[in-house]
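Dock chain one against chain two, each of which comes alone in its own frame, and use the hints as you go.
Heads up: the protein sequence lines correspond to chains X and R, in order.
Here the first sequence is numbered in my numbering, starting from 1 and rising by one per residue.
Here the second sequence is numbered in my numbering, starting from 1 and rising by one per residue.
A few of these clues could be false.
[As the list claims (entries may be wrong)] Keeping only pairs whose Cα atoms sit at most 25 Å apart, straight-line, the calculated DSS-like set for lysine-lysine is:
| id | chain 1 | residue 1 | chain 2 | residue 2 |
| --- | --- | --- | --- | --- |
| 1 | X | K141 | R | K301 |
| 2 | R | K238 | X | K120 |
| 3 | R | K301 | X | K81 |
| 4 | R | K2 | X | K125 |
| 5 | R | K126 | X | K120 |
| 6 | R | K302 | X | K81 |
Since the hints were derived computationally from the structure, they do not count as laboratory data.
Chain residues, written in single-letter form:
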Amino acid sequence: MNSDVLVQAKSVERTFRRGSETIQVLDALDLQIKRGEFLALMGPSGSGKSTLLNLIGGLDRPNNGTISVDGEQIDQMNESKLAAWRARHVGFVFQFYNLIPVLNAQRNVELPLLLTNLSKTERRKQAELALEIVGLSHRIKHFPRTLSGGEQQRVGIARAIASDPTLLLCDEPTGDLDRKSGDEILELLTALNQDHGKTIIMVTHDAHAATCATRTLYMDEGKLTAEMKP
Amino acid sequence: MKYLSFIFTNLGRKKIRSSLTFLSIMIAFILYGLLGAVQAALSQGVDVAGADRLVVRHKVSIIQLLPISYTQRISQIEGVDLVTHFVWFGGIYQDPKNFFPQMPVEPESFLDMYPEFTLPANQVEKWKETRTGAIVGRKSADRFGWKIGDRVPIQATIWPKVDGSRNWEFDVVGIYDSDKKGTDLTQFFFRYDYFDETRSRGSGLIGWYVVRVGDPDRAVEVASTIDETFANSPYETKAETEGAFVQAFAKQMGNITAIVIAIMGAVFFTILLVAGNTMGQSVRERIVELGVMKAIGFTDKKVLAIVLSESITLSTLAGGLGLLLSWILVQGMSDSLSGIFPVFYLPSSSIVWGAGFTLLLGFIAGAIPAFQAKQLRIADALRR
Chain X
1 MNSDVLVQAK
11 SVERTFRRGS
21 ETIQVLDALD
31 LQIKRGEFLA
41 LMGPSGSGKS
51 TLLNLIGGLD
61 RPNNGTISVD
71 GEQIDQMNES
81 KLAAWRARHV
91 GFVFQFYNLI
101 PVLNAQRNVE
111 LPLLLTNLSK
121 TERRKQAELA
131 LEIVGLSHRI
141 KHFPRTLSGG
151 EQQRVGIARA
161 IASDPTLLLC
171 DEPTGDLDRK
181 SGDEILELLT
191 ALNQDHGKTI
201 IMVTHDAHAA
211 TCATRTLYMD
221 EGKLTAEMKP
Chain R
1 MKYLSFIFTN
11 LGRKKIRSSL
21 TFLSIMIAFI
31 LYGLLGAVQA
41 ALSQGVDVAG
51 ADRLVVRHKV
61 SIIQLLPISY
71 TQRISQIEGV
81 DLVTHFVWFG
91 GIYQDPKNFF
101 PQMPVEPESF
111 LDMYPEFTLP
121 ANQVEKWKET
131 RTGAIVGRKS
141 ADRFGWKIGD
151 RVPIQATIWP
161 KVDGSRNWEF
171 DVVGIYDSDK
181 KGTDLTQFFF
191 RYDYFDETRS
201 RGSGLIGWYV
211 VRVGDPDRAV
221 EVASTIDETF
231 ANSPYETKAE
241 TEGAFVQAFA
251 KQMGNITAIV
261 IAIMGAVFFT
271 ILLVAGNTMG
281 QSVRERIVEL
291 GVMKAIGFTD
301 KKVLAIVLSE
311 SITLSTLAGG
321 LGLLLSWILV
331 QGMSDSLSGI
341 FPVFYLPSSS
351 IVWGAGFTLL
361 LGFIAGAIPA
371 FQAKQLRIAD
381 ALRR
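The following block holds chain R by itself, in its conformation from the complex (with noise of 0.2 Å):
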């Protein structure tokens, strides 16, 4: 600790470069926190997935429906616990760019799948009372100003209803909110006795079915059962873990992570090569009183700890403000992105992973100049 005012006072010897050496690191972090929300967000439900879950679509495709009838015949295979279906319904509030999923699906069962999802007991009530009823997340409930009583008109791009109008109402009966990080608290549910009998097509057909196995270890013997059910039927279907599905849902548009290590190691590398500079220049300058600090009794390794300590408490310093800062852009942008990513956040493995990053950008950075601090010969460095 005697040492932090002189590593400090080091470090503030040439003020515009650490400054612009500091604003490169902090700048990087930003970066790298930024895209790691955008990757949470594009992988979103990966983390949540509960890993007891599958998803079972239609073989061909998740926009090929699926028939009702298969709730019997899926909750009757061996291990199953719980079955429940959604349909996309696609439709738009105000404006398209008002964007949040609606599903009609079945309450009771709906709710018993996912228990992550918090909806005090007399909204459920409520819910199973009102057939035109809907429950919405926390997030999508603040972002359009709704509150419990209010009727909610949303325009069918997919379902129109047997009158020929698109223009669907529902009533918000109940607010959900979540424990769990991570969950996605912009969509809106209704019911689906209400949607299949008010639908013009498509009578007893549903988007895609969710299955709740009693041992998660069996989920693929499970979902592998499901598939040889209904293999060679008009309806084909494809099971598979909710994580393995979200998974795949997300590598629709790329592999992310893939794209965001290349970018991030892009910008790590340029920055490794700036802080580097800095260092080696910063040691370069002051061979002289390295030399001195020798001859009056610092050791080698003191020397080299000290050199090492300045680029480490640059980078972390730095880093650590850009991850800071980072996090509280995502914050602030969470709810006006609420239409593209419905769950975005920091994730805490990625600050974490930063932190550590800081670290070694520090350590990196600051090792040849630290090491040949250390190798510095006294008489050598005094005679400069």
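Okay, chain X solo, but in the shape it has when bound (with noise of 0.2 Å):
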């Protein structure tokens, strides 16, 4: 494999069950994503976007086909080492924050980290890191509550990048938010994009948030229709 290719699919297929009826959700899709890429998955509800992002960033597995990240065959992984290679390797932000109410945004941020071998004080200043990356160092103590929505979305953005991963995996992440929220966590993750050398996957129904992405693909009925460039 090309070492510029960071994600290679080839021939993924995705099927579910619903009661009698088997829907073909991904169909033969094959794609490749350069390391450094901003890519925006665009298309209609139902297209596939969502569990394609799922299927790269190794919480779901494919029917058929193949999926590697980074040289890494992730669809043969047994449930550890898949848990073990997105700790490593993904950083994923959501649609709605998902941050853990309990926890402020220091916490919430230190979570992944939890899973490394970093000493309590090194765990704390990699959040604090990260927090400062997403311009959140005067808001560390405070609790998802107390944070606007573009604010708690800085904050699952800072705990997708608090362990460094290779590939940041987007789903919809302006979508709970105002316009001008929305800009702001566009403007980051263009930053981190070309800042900070993360690729990034960002599946989005908004054509003005794809306008920050290096390339654009369309899907329709589990396949990749379109592909656009800026």
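Structural data, given as structure tokens:
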């Protein structure tokens, strides 16, 4: 595999059963994502965007086909190996932030670092650094309920980058935010891509958000239907 | 250890619910501790009963008396090392509520028979010199404020004196203690010779014998020989080990262990449902969070361990505090209940079992929710 290629999906199929019906969500999909890319995935609801994101992030497994990230074929890994791989290589940003409400911003960001061998002081320092990168140094002791939506999403991003992953997977990161906050999040993601070299895959319905990406792929009925570069 | 703070934070997320569950478990273990002390009190003596001691009583009942002349005959039986005897005096000190056992004994053989009673040598000598002398356990001495040299009047209910009066007076010449946990320190012993000469009836009769055998393994055999020796006499005997005697005495009130197990079984089952429901709700409320944790790299097993640890932490802290409080309560109640339960303490075996139950309760209550958390599929959890 070309060392520039970070993610490679080959003939990926994913089906789900709903009662007696089998739904083909991804249909023999092939995809390559280069290291350092900011890829936007667009398409109507049910087109398979989030399913593809889950497969690339090792949250789900394909029925057929292979998925390799940074040379490692993740669809063959067992559960614990896959969990360890996710902890090392992937950061997730969710539409509804999904912060732990009983932990303050710093402890939310520290959560993935519990899986590392870092000491308590090192974990705290790294969490503070991640919060500084997202511009929330002044809110580290705040609990999610005392933060605005934009700030919560920044904490979510800080948590995603805390363990310095190769890949950031963002599932509609601006979907729950007003335009201003959404723009700030997009600026932050762009900075992480351009200044910190993070490869980002972002699922979005928002064409404006997709303009920040270096490449946009359109999906429909489980297939890639179009590609656009700015 | 690095997850401990996270576990405590999770337990504190629904403070009222966690507090109520905590209190339920704590109260259950207070009850467990108190019942453990009551059980120990009702079967008092079983633990401290000497394996080498036999109790010989009248075959019909313990209230039937035996002749003192058996002392000589029993001591001649092969395997018997020592014989001493007791009579139940059953007197009242000031008020019937001030109950404590009083028994006339023969000091020398009595003290030889019960090395667990510690009495200073000068007090032993004084007892032997003083016909009206009595020794009393530390607990009763403290309870009634008696000290050496005090004259204690006791109203007889069974044994009037030759002059027809029921007022017996004894001189406290010694206060005994014991290093052995569970030893009854409420008893009052006075001299048999004084008792026998002063009582108006029953002269030469005693209540029961205690016999020490040389080889505890032969205790049952010696007991049979004693019974055979006095078979078909006007005073037939029933000899048994001290432990069996005490146990049979306790069983007169019913099978205490079975009653305690039944009560605690019902209590623990209810608490199990309460704690299980708390943990179940706690997991159901944070399905998405658990999904996020798995997404960021927590393995299924780690998630299972965290949920299980929350349950075990809650149960062991609440149960541990309950055990501690029950121990404090038992210590505090020990003196005030000494009239009813001469020996009232929380046995260390009950504490050890209790600690085990706290772990077991936490494990069982958390097992199903933890398993559900483990089985959770990330994609499904995040869709909620």
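Exercise. If you check each hint against the structure, which ones fail?
Worked result: 1, 2 and 5
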